[in-house]
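Novice: Sequence:
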Amino acid sequence: MRKKGTVFCVTALLFFAVTMPFRRLFAMAGLTEVRPAGAFPPVFGMLFGVPGALGCAVGNLGADILSGYAAPVCIYGFAAQFLYGWLPYVLWHGFGKAKRKEGPYFRSVADVKRYLWIIFADTLLMAAVLGSMLQLLGMGKALSQSTLLLFFNNLVFSVLLGIPMILLCRLAGGLGRRNVLTLNVRFVLIFLLLSVVSAALAGVLSYAALADTVRDPLKLWNSIYICVFADFFVMCGLSVCFLQNMEKKIIVPIEELCKIAAAYARRGDVLSESGETKLAHEKNLEQWTMRCGELGRLSGETGQLASAFGIMLEEVEQYIQNITSIMAEKERIRTEILVASRLQADMLPTTDGIFNNRTDFLLAASMTPAKGVGGDFYDFFLLGEDKLALVMADVSGKGVPAALFMVVSRTLMKSRLMSAAKEWEGAPETENRLAHAVMEINDSLCANNKNGMFVTAWIGVLTLSTGELVFVNAGHCRPLIRRKDGACLYDTFRGGLVLAGMEEAPYQQSSLRLHPGDTLLLYTDGVTEATSIEKKLYGEERLKDVAGSSGDSPASPSELIQAVWKDVEIFQKGTEQFDDITLLAVTYLGNGFAEKTGKPDMAYIREFSAFIEECLAEKGVTMRTRIKILMAADEIFSNICYYSGAAEVTVKVRVDEQEHRNVMLCFEDDGIPYNPLAKPDPDIEEAWEQRKEGGLGIYLVKKRMDRVIYEYAGNKNCLTIQKQDL
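First residue of the sequence shown? That's 0 in numbering that gives the first Met the number 0, and the numbers climb one at a time after it.
Calculated from the structure, these hints are not laboratory results. There may be inaccurate statements among the hints.
Said to hold, decoys possible - Okay, derived cross-link-like pairs now, EDC-like style, lysine to aspartate or glutamate, Cα gap no bigger than 16 Å in a straight line: (1) 543 to 490; (2) 386 to 359; (3) 627 to 724.
The whole structure should be built from the sequences, with the hints applied where relevant.
Specialist: Listed below in structure tokens is the structure:
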């Protein structure tokens with residue numbers, strides 16, 4: 000309501016303020032004047048409705064009263080002015096309480112034609128009403144020069160001033176700027192304003208030409224208005240014809256293409272906001288392409304543009320569908336690779352808590368694949384209580400194929416080494432027995448290897464009681480040994496052919512001894528062949544420098560791996576990791592045995608028994624368990640003294656600190672190779688005089704102990720007994 004009141008007041012004051020000066024200066028025939036305010040009622044009526052029309056009528060009433068017009072003229076003029084302003088509003092917006100249309104906007108030639116027809120009809124009706132008033136009040140005839148002047152007065156100014164006023168009001172009010180400034184609107188406004196300017200110039204020129212020759216004001220202004228009217232409608236008519244053709248063939252098709260492009264660009268928002276189905280989107284796309292095809296039948300560049308746009312829509316949609324399919328496939332592959340990476344990580348053994356009870360070694364490992372899944376792998380597992388198997392391998396290639404071959408390789412290696420360890424148990428040590436196991440692994444990998452993949456591998460077995468490391472290098476990087484004092488050196492044994500490279504390939508094993516505090520570092524070529532941004536390789540020398548950088552204070556295996564990985568990361572900063580990086584470090588702490596060496600003579604049996612007794616008592620082994628162990632030890636020592644022919648015997652004692660103490664005794668002698676476990680157990684139910692000699696002592700040892708193991712290694716007989724202190 001306040002807005003309507005404001006519109007009413009402003010339009011009334013504006014009409015009054017413009018009318019009075021012209022009425023004083025340009026009055027004609029005592030009944031009108033040069034009347035620019037004649038454009039206000041239809042314009043304000045169209046824009047603001049009843050408040051605008053009523054405001055103009057009140058402004059006119061005030062001007063008539065102040066000018067001294069008779070009461071009937073004032074009343075009649077008030078009604079006529081209100082009708083003059085209200086009728087265009089009704090003709091533009093229509094009757095009824097339905098939602099009013101916005102406007103006028105002059106969006107198209109049709110809007111211009113509509114506006115001109117409404118103004119023409121409105122000014123003609125206004126002239127008829129005022130002519131009737133003149134005749135009724137005895138002030139003149141209905142059809143006269145005065146009536147014609149009233150008609151042209153309103154018509155010319157409604158055209159010349161009305162169009163710019165509507166545009167200014169729309170722009171000043173900020174209504175529909177986006178709509179007003181479309182391509183079609185710009186062309187319409189340009190030609191419309193050119194017509195207005197041309198008509199205004201025609202009016203000025205005709206006034207200059209007629210002012211000195213025509214003395215009658217009615218004739219003068221009627222002549223001027225006729226010139227203006229003729230000029231405007233000729234120019235406007237030509238413009239309308241031109242614009243109609245341009246709209247049909249250029250502007251409207253281009254605007255339709257713009258709308259189609261905008262709708263296609265917003266299709267993602269529509270799908271997300273309204274949940275439009277794929278079927279509905281395909282229907283819209285079909286409608287857009289059909290419309291582009293229809294517009295493509297137009298001649299000239301517009302038709303070519305529409306045809307090209309329709310083809311582009313179809314190709315873009317097909318491209319998007321292809322991209323969507325590709326992205327979905329990539330996401331599926333990425334998910335599968337992620338799952339495979341997790342499975343691969345789960346397959347590799349973890350060092351967390353697995354060997355916490357071991358006092359003879361420390362171990363750590365890490366693997367960082369270059370892709371989601373890699374071909375590098377490591378493995379470590381115990382072969383009995385005294386041997387630790389170590390594996391470091393690198394499968395050719397990367398990604399899923401390498402990971403699958405890695406699974407097969409790791410499974411074969413572990414299975415064959417564990418079965419070989421059972422075969423070695425109790426058997427004399429033979430030359431190249433680890434190499435023989437590796438040959439079997441190679442032959443198994445060569446079978447059905449249709450893709451020609453191969454594995455470089457370093458496989459070793461560490462005897463924890465002695466620190467002796469036996470290994471086979473199958474084309475892998477040579478390991479780095481870090482001594483307790485910080486000195487680092489590479490193993491010089493180069494090894495043989497890669498695994499799965501050729502069936503029945505020969506392999507040789509080598510050995511070295513780790514002393515307490517020494518660390519063995521195994522790695523893949525992803526470390527030494529890491530590349531810097533300057534295209535330089537990391538190299539063995541840099542790895543050696545990093546491993547030996549802590550001097551006489553050797554780092555733990557995990558700290559050593561972290562130091563190497565951090566240095567590699569710094570080295571290749573700014574470049575993509577090209578290969579898998581895998582590290583495994585083992586620090587040998589010693590066997591943890593208390594040792595006593597002496598002659599295998601029964602005269603020293605009490606010294607050895609006292610040594611064993613002292614070790615067991617110190618660790619808190621129960622008396623019951625001690626008695627059983629001492630009885631077994633006496634039997635074994637006696638056999639060594641009487642039958643081995645050894646010059647020296649060593650007894651080792653170790654008690655593992657667990658919930659139930661695990662006691663281990665090792666007897667080593669340099670006598671003739673002899674496996675007491677190979678002899679069959681005696682039949683204790685057989686009569687004494689019929690029983691074969693020998694075997695009863697070792698039988699009793701096996702009965703009293705939890706486990707008895709024999710091995711011939713390093714030219715020595717090694718018999719190990721184990722007993723858990725429950």
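Novice: A separate judgement is required for each hint: does it hold in the structure or not?
Specialist: Going down the list of hints, with the structure as the test:
1. As the CA atoms of residue 543 and residue 490 are separated by approximately 12 Å, the hinted pair is consistent with the 16 Å bound.
2. About 11 Å separates the Cα atoms of residue 386 and residue 359, which keeps this hinted pair within 16 Å; it holds.
3. Between residue 627 and residue 724, the direct Cα distance comes to roughly 10 Å. Compliance with the 16 Å bound is thereby established for this hinted pair.
Comparing the model with each earlier hint shows no violations; every hint is respected.
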